Amino acid sequence: MNSEAKAVSGNIGLFVTCLADLFRPSVAFSAAKLLENQGFSVTVPIQSCCGQPAYNSGDERKTRGLAKQFIEQFEEFDYVVAPSGSCSSMVKIHYFDLFGSEPDWQKRSQQLANRTFELSEFLLDVLKVSLSGVDLNPSNGSEGLSDKPFVDSKITYHDSCSGLRELGIRSQPRELLKQSCGVEIKEMSNSEICCGFGGTFCVKFPEISTRMVDNKIDGIVETKADILLGGDLGCLMNIAGRLKRTGSKTRVYHYAELLALETEGDLVDDGIAGEKNV
Amino acid sequence: MEVLTHNFKPAAKKALLDKDLSAAMGRAESGFVDTRRKVTDELLNFEEFRTLGRDVKNHTLANLDYYLELFERNVIAQGGHVHWAKNGEEANRIVLDICKKADARKIIKGKSMVSEEAGTNAALERQGYEVIETDLGEYIIQLAGETPSHIIAPAVHKSKKAVTELFDRYHAPMGYETVTEHEAIVDQARQILRDHFCSADVGITGGNFLVAETGSVAIVTNEGNGDLTSCLPKVHIVTTSIEKVIPDMEALGGFLRLLARSATGQITSVYTTLFNGPKRDKDIDGPEEFHVVLLDNGRSEILGSEYQDILRCIRCGACLNHCPVYTSIGGHAYGWVYPGPMGSVLTPILVGRENAGDLPNACTLNGRCGTVCPVKIPLPSLLRKHRSDLVKAGSQGAVQKGMLSFWYVLARRPVLYGVLMRAFKTVLSLFALLDKAGQRGRIKTLPGASAWTSSRDLPAPGKSTFQALWKTAQSASNESEK
Chain A
1 MNSEAKAVSG
11 NIGLFVTCLA
21 DLFRPSVAFS
31 AAKLLENQGF
41 SVTVPIQSCC
51 GQPAYNSGDE
61 RKTRGLAKQF
71 IEQFEEFDYV
81 VAPSGSCSSM
91 VKIHYFDLFG
101 SEPDWQKRSQ
111 QLANRTFELS
121 EFLLDVLKVS
131 LSGVDLNPSN
141 GSEGLSDKPF
151 VDSKITYHDS
161 CSGLRELGIR
171 SQPRELLKQS
181 CGVEIKEMSN
191 SEICCGFGGT
201 FCVKFPEIST
211 RMVDNKIDGI
221 VETKADILLG
231 GDLGCLMNIA
241 GRLKRTGSKT
251 RVYHYAELLA
261 LETEGDLVDD
271 GIAGEKNV
Chain B
1 MEVLTHNFKP
11 AAKKALLDKD
21 LSAAMGRAES
31 GFVDTRRKVT
41 DELLNFEEFR
51 TLGRDVKNHT
61 LANLDYYLEL
71 FERNVIAQGG
81 HVHWAKNGEE
91 ANRIVLDICK
101 KADARKIIKG
111 KSMVSEEAGT
121 NAALERQGYE
131 VIETDLGEYI
141 IQLAGETPSH
151 IIAPAVHKSK
161 KAVTELFDRY
171 HAPMGYETVT
181 EHEAIVDQAR
191 QILRDHFCSA
201 DVGITGGNFL
211 VAETGSVAIV
221 TNEGNGDLTS
231 CLPKVHIVTT
241 SIEKVIPDME
251 ALGGFLRLLA
261 RSATGQITSV
271 YTTLFNGPKR
281 DKDIDGPEEF
291 HVVLLDNGRS
301 EILGSEYQDI
311 LRCIRCGACL
321 NHCPVYTSIG
331 GHAYGWVYPG
341 PMGSVLTPIL
351 VGRENAGDLP
361 NACTLNGRCG
371 TVCPVKIPLP
381 SLLRKHRSDL
391 VKAGSQGAVQ
401 KGMLSFWYVL
411 ARRPVLYGVL
421 MRAFKTVLSL
431 FALLDKAGQR
441 GRIKTLPGAS
451 AWTSSRDLPA
461 PGKSTFQALW
471 KTAQSASNES
481 EK
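Chain order of the listed sequences is A and B.
Counting along the first sequence from 1, when you hit position 58 you're at 58 in this note's numbering, and nothing is skipped either side.
Counting along the second sequence from 1, when you hit position 34 you're at 34 in this note's numbering, and nothing is skipped either side.
One chain only, chain A, in its complex shape:
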């Protein structure tokens, strides 16, 4: 670890996110491993949801209730890190607007927002790990890479909208994948266009959502990619679910799973979560 990386230390509260907790524990395990490998102590405070579904449904009262709960759960930590752009953006960007009439909470939310990061943003922008050439997986050693699911695979990347447009996350995961795993992304033409997930949108307007994910898949197919990566489980479940339904062989992972070399198989098909088959 170089001096720049050493300057950052402390306790991290891992913001698991609802979908990783329920559908894809390996994403959160990967995030924890990547952070612990950088010398942080990672704690998982008991948590439920940051309130994003209520916020995007227009229910500000419920959102405030959950936001306050989240702030209380996480404000003791030096940093809060989440393997999701939309969930970290909820805390980083939107909490502030919720508390216009409660200045005390607004202050607390802002203090927490300043210490909250999306995983790749934290690793690259805050820790600057790749710039210092730090191995994200010192214990695995380089020979461990040869039998990993992504070796000799063509990989493409979907930029999730909240991370991309609200937090400016685009280069960070690509840079980390390149530096750490030697992965070169084969870009799709529509990587920055919404996949049609949109939280409750995908079940409120399923037909429109399906058309949007089909358009997304057209872009994926054009790249002839074997693997699709992304940074938000909502989008990935939507795309993976549609890929499988339409008979595609393209596998889907969260980028953290590749970085940590810790996957549970393809997001929808290969294995039941919990049975690690890396």
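The reader is advised that the hints may include incorrect statements.
[Said to hold, decoys possible] Keeping only pairs whose Cα atoms sit at most 27 Å apart, straight-line, the calculated DSSO-like set for lysine-lysine is:
{"#": "1", "chain 1": "B", "residue 1": "101", "chain 2": "A", "residue 2": "204"}
{"#": "2", "chain 1": "A", "residue 1": "224", "chain 2": "B", "residue 2": "13"}
{"#": "3", "chain 1": "B", "residue 1": "444", "chain 2": "A", "residue 2": "204"}
{"#": "4", "chain 1": "A", "residue 1": "68", "chain 2": "B", "residue 2": "376"}
{"#": "5", "chain 1": "B", "residue 1": "14", "chain 2": "A", "residue 2": "186"}
{"#": "6", "chain 1": "B", "residue 1": "14", "chain 2": "B", "residue 2": "160"}
{"#": "7", "chain 1": "B", "residue 1": "392", "chain 2": "A", "residue 2": "204"}
{"#": "8", "chain 1": "A", "residue 1": "249", "chain 2": "B", "residue 2": "161"}
{"#": "9", "chain 1": "A", "residue 1": "204", "chain 2": "B", "residue 2": "9"}
{"#": "10", "chain 1": "A", "residue 1": "68", "chain 2": "A", "residue 2": "154"}
{"#": "11", "chain 1": "A", "residue 1": "249", "chain 2": "A", "residue 2": "186"}
{"#": "12", "chain 1": "B", "residue 1": "401", "chain 2": "A", "residue 2": "204"}
{"#": "13", "chain 1": "B", "residue 1": "279", "chain 2": "B", "residue 2": "101"}
{"#": "14", "chain 1": "B", "residue 1": "463", "chain 2": "A", "residue 2": "249"}
{"#": "15", "chain 1": "B", "residue 1": "463", "chain 2": "A", "residue 2": "33"}
{"#": "16", "chain 1": "B", "residue 1": "161", "chain 2": "B", "residue 2": "19"}
{"#": "17", "chain 1": "B", "residue 1": "444", "chain 2": "A", "residue 2": "224"}
{"#": "18", "chain 1": "B", "residue 1": "14", "chain 2": "A", "residue 2": "204"}
{"#": "19", "chain 1": "A", "residue 1": "68", "chain 2": "B", "residue 2": "101"}
{"#": "20", "chain 1": "A", "residue 1": "68", "chain 2": "B", "residue 2": "385"}
{"#": "21", "chain 1": "B", "residue 1": "13", "chain 2": "B", "residue 2": "376"}
{"#": "22", "chain 1": "B", "residue 1": "385", "chain 2": "A", "residue 2": "107"}
{"#": "23", "chain 1": "A", "residue 1": "128", "chain 2": "A", "residue 2": "33"}
[To be verified] Take a look, some chain B residues computed to stay more than 12 Å from chain A by CB distance:
{"#": "24", "residue": "17"}
{"#": "25", "residue": "49"}
{"#": "26", "residue": "79"}
{"#": "27", "residue": "370"}
{"#": "28", "residue": "381"}
{"#": "29", "residue": "389"}
{"#": "30", "residue": "413"}
{"#": "31", "residue": "479"}
Hint data in this document are derived by calculation from the structure and do not stem from the laboratory.
Quick caveat: nothing in here was measured; it's all calculated off a predicted structure.
Virtual Cβ for every residue (Gly too), placed ideally from N, Cα, C.
Using the hints provided, position chain B relative to the given structure of chain A.
For chain B alone, coordinates are given in the frame of chain A:
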């Protein structure tokens, strides 16, 4: 125009099944997006122009009464007339009065979305006037008996084949031959429209910008039809709305740069025209009468409200072109004049939120519209604000409300939430096992979740939640340390 916003869901579903529409929208989307990106990149300080556009509009809106009165004085000083219309009906009555006084029979029109909003064509036709649209896109949809599906490209949903058929049906009886290629289609429309230009009594155009300092109405077109519509008939009526006013010519320069680039990806439109009152003594041509009808139709209510930012809109259509929902379903499904993101903000305010609750919800909040808006309207925030106001008004669906409340009660009790999530996982795993598809790891049908599983598989969750697995792992490592 008739309000069909309540019919959004079935209309959207129908639109998705229309293969010609999908093909036309696909072509249009890529064309608009690519050309816009190219010309905005070329203008190195495009972001500064966006900021300037926002600030100038905000300043104008903060002093709207001043600039509107200044505009009115300057129009009158040049011999023109300004009419104030509270709503569409009033606007149409004003237009009808002018046409009646002019003893008009044929009226030609340049593109005006405000006249679509007011339903001016229908009002004129009911009184027996012949109304001819002269913008090619508007002409096409007028023949088809449709409404515009895009605010700058009204017939963007029409394929070339559909236009050929339409022209065949209406032009063949007049002795014209079948036209199948773009150039021939345009040529035929020009021949037909030329006669109308020369024989019309009144010309109606819109107005893109109203320059207060000089009393000028600025319009941009690519076909020159606006110029002919305004110059050839003896009366020119501009139907426009109050938020189109800007302070001066300097501001106009900035907005013209923003508009052409954002709308069609052009550096400048082919025709940019400033109307300054009727024909003067030494002018060779121009109308004898010049009228500006300023429509309010609910806009002054938006002023000073939480939605005021939408009044900055310069109707470029960039938010439509970049909206993956709009480009999937086209404009008609939105059910009124203004589709896409700007429409989903504006329409619920103008026609009543209770009639248009689906519009602000039919959005993934992906934010692409906000990043391309030339006047930086925070479209996603305004759409979310509508959702919030719908919830406050109790207009949420009962099922949605119930589910959200149930989820909230759970999420506010994290320990119970954890227990129930683990139980939920077990249930989901059972469904995965029961699933006839027999594939490990995926669920193809799930009661109550058909909106997801009708088109997508769902990953089957494993044994436990992350939080439970983590806890187990932590206690195991604590044990081994002991």
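Outcome of the hint check:
1. Between the alpha carbons of residue 101/B and residue 204/A the distance comes to roughly 52 Å, so the proposed pair goes past 27 Å and is violated.
2. Taking the CA atoms of residue 224/A and residue 13/B, the gap is near 30 Å; set against the 27 Å cutoff, the hint is violated.
3. Pair hint residue 444/B plus residue 204/A holds up; C-alpha atoms about 19 Å apart against a cutoff of 27 Å.
4. The hinted pair formed by residue 68/A and residue 376/B fails the criterion: a straight-line CA distance of about 31 Å is larger than 27 Å.
5. With a C-alpha separation of about 35 Å, the suggested pairing of residue 14/B with residue 186/A is violated against the 27 Å cut-off.
6. Our distance criterion of 27 Å between C-alpha atoms is met by residue 14/B and residue 160/B, whose separation comes to about 21 Å.
7. Only pairs whose Cα atoms come within 27 Å are accepted, and residue 392/B paired with residue 204/A is accepted, the gap being roughly 19 Å.
8. The straight-line distance between the Cα atoms of residue 249/A and residue 161/B is roughly 37 Å, outside the 27 Å bound, and the hint therefore fails.
9. With a CA separation close to 10 Å, the supplied pair residue 204/A and residue 9/B stays within the 27 Å bound.
10. For the suggested pair residue 68/A and residue 154/A, the alpha carbons sit about 43 Å apart, so the restraint of at most 27 Å is broken.
11. Taking the CA atoms of residue 249/A and residue 186/A, the gap is about 17 Å. The hint holds against a cut of 27 Å.
12. For the hint linking residue 401/B to residue 204/A, the alpha-carbon distance of about 13 Å falls within 27 Å, and the restraint holds.
13. The hinted pair formed by residue 279/B and residue 101/B meets the criterion: a straight-line CA distance of about 18 Å does not exceed 27 Å.
14. Taking the CA atoms of residue 463/B and residue 249/A, the gap is about 25 Å. The hint holds against a cut of 27 Å.
15. At roughly 21 Å between alpha-carbon atoms, residue 463/B and residue 33/A fall within 27 Å of each other, so this suggested pair holds.
16. Between residue 161/B and residue 19/B the alpha-carbon distance is near 13 Å, which keeps this suggested pair within the 27 Å criterion.
17. At most 27 Å may separate the alpha-carbon atoms for a hinted pair to count; residue 444/B and residue 224/A meet this at roughly 25 Å.
18. Among the hinted pairs, residue 14/B with residue 204/A is consistent with the structure: their alpha-carbon atoms are about 16 Å apart, no more than 27 Å.
19. Taken as a hint, the residue 68/A and residue 101/B pair is broken in the structure, with Cα atoms around 66 Å apart against an allowance of 27 Å.
20. Between the alpha carbons of residue 68/A and residue 385/B the distance comes to roughly 21 Å, so the proposed pair stays at or under 27 Å and holds.
21. For the suggested pair residue 13/B and residue 376/B, the alpha carbons sit about 31 Å apart, so the restraint of at most 27 Å is broken.
22. Using a Cα cut-off of 27 Å, the hinted pair residue 385/B and residue 107/A holds, with the two alpha carbons roughly 22 Å apart.
23. Of the pairs offered as hints, the one joining residue 128/A and residue 33/A holds, with about 17 Å between alpha carbons and a cut-off of 27 Å not exceeded.
24. Here residue 17/B does not stay apart from chain A, with its beta-carbon only about 9 Å from theirs, under the 12 Å limit.
25. Residue 49/B, annotated as away from the interface, keeps every beta carbon of chain A farther than 12 Å; the closest lies near 20 Å.
26. With a cut of 12 Å on Cβ distances, residue 79/B stays outside the contact zone with chain A, its closest approach being about 49 Å.
27. Not every Cβ of chain A is farther than 12 Å from the Cβ of residue 370/B; the closest lies at roughly 7 Å, contradicting the non-interface assignment.
28. Against chain A, the non-interface label of residue 381/B is violated: not every CB pair exceeds 12 Å, the least being about 8 Å.
29. Taking the minimum C-beta to C-beta distance to chain A, about 7 Å, the non-interface status of residue 389/B is violated against the 12 Å cut.
30. With a cut of 12 Å on Cβ distances, residue 413/B falls inside the contact zone with chain A, its closest approach being about 8 Å.
31. No Cβ of chain A comes within 12 Å of the Cβ of residue 479/B; the nearest lies about 18 Å off, and the non-interface call holds.
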